[in-house]
Amino acid sequence: MKQLSLPQTLVQPPSVRSSLCMLVGLALSTTALAGDALEEPALMSPLAAQSLVLDMERVGSSLVAVGERGHILVSNDEASTWQQAPAPVRVTLTNTFFIDDSFGWTVGHDGVVLKTEDGGQSWRKVMDGNRANALMQAHAEAQLAELEAAIASAPEDEREELEYELEDRIYMAEDAEAFSEEGASRPFLDVWFKDRNEGIVVGAFGLILRTTDGGETWSAWFDRMDNPSLFHLNAITQIGDQLYIAAEAGNLFRSSDWGQNWESLDSPYDGSFFGIIGNDQGRIIAFGLRGNAFQSNDWGNRWQPIDTGVDSTFFSGTLLDDGSAVLVGAAGMSLHLDAQGKVIESNRNPARLPQSKVLTSPEKGLLISGAHGVHAASLSGGKE
10 MKQLSLPQTL VQPPSVRSSL CMLVGLALST TALAGDALEE PALMSPLAAQ SLVLDMERVG
70 SSLVAVGERG HILVSNDEAS TWQQAPAPVR VTLTNTFFID DSFGWTVGHD GVVLKTEDGG
130 QSWRKVMDGN RANALMQAHA EAQLAELEAA IASAPEDERE ELEYELEDRI YMAEDAEAFS
190 EEGASRPFLD VWFKDRNEGI VVGAFGLILR TTDGGETWSA WFDRMDNPSL FHLNAITQIG
250 DQLYIAAEAG NLFRSSDWGQ NWESLDSPYD GSFFGIIGND QGRIIAFGLR GNAFQSNDWG
310 NRWQPIDTGV DSTFFSGTLL DDGSAVLVGA AGMSLHLDAQ GKVIESNRNP ARLPQSKVLT
370 SPEKGLLISG AHGVHAASLS GGKE
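Converting from the sequence shown to this note's numbering requires adding 9 to each position, the first position being numbered 1.
Straight-line C-alpha distance at most 25 Å; calculated BS3-like pairs for lysine-lysine:
#	residue 1	residue 2
1	Lys134	Lys124
2	Lys203	Lys124
3	Lys134	Lys203
Simulated from the structure, these hints should not be mistaken for laboratory data. Nothing here was measured: the structure is a model prediction, and the numbers come from that model.
Please model the complete structure; the sequences and the hints are all you need to start from.
Structure below.
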């Protein structure tokens, strides 16, 4: 049996432990004085590498990590040391995505989207929550006006079906107006790009935008999926030639046309999903609240529950070369699954602090991010 060896994480004071007990709670929380945080650059700090890191991505031979207070970190030695890159905002950054060694995007609180063209060394803001709210409101109002005009001109026998949609359109328009009045409060939670131009960002309360010019301009995209209740869109992932969104309240969405349109999948449970991983053969693992995880071998058409044996929420996962998978999450939990979804080993870090992201490392086995930055972990028999 393989043993999952976890990093020895320092114990945080009670106030910090309570504030980090759920990483998703932190990602969805609003930032005080958002206007200042959106306009002021992140403070350069020698302690940035030991602070909360919510996501990290491999960029060529380097790593780029993002987290609280606008911290962006770059490592050229497989997470042994980190250098902080300047960022134009000091809001919490929740996720990052690179399409190649140069072009990448980072998203975060208050509707922030940042862009780099030099591998993460420098960044500029291309979207914030005020602009996102305006886009969502304008699109919702246009959709409502279009439907009202269609109802007014429709034959009597077609009006009833159109009027059935009217309540949802009114709700969406009113909700969009309320968010605009509230200000830049909704966080983006994930980002994906097809190439240097075409990409999608998703976030809380149904927030979804699409760009075709690398993030310079954006379009509201919420009407392309069945999400009238504006459930949180927690993660977007490409698996094969399809896109998947893991969402709140058991919602899973799939797109076969690079995000132009989305279909709702039959969900195996009603709780929230926080991530989804898979391979080019159609094997997919979706994971979320209270130890819930499910596996599909047909691109998400049918699901089987994974008996994880734990009740900790999972935030991230990765597939290994041998077909096994590692999931990490709340309370320091790490879970190693075989290719059939059976548990090989589970473990917790001693401090029981949440873990936000796991990546494979050619030198160290696994890299896991969380409350104290990025740490190495290993599977026995693998590289340290």
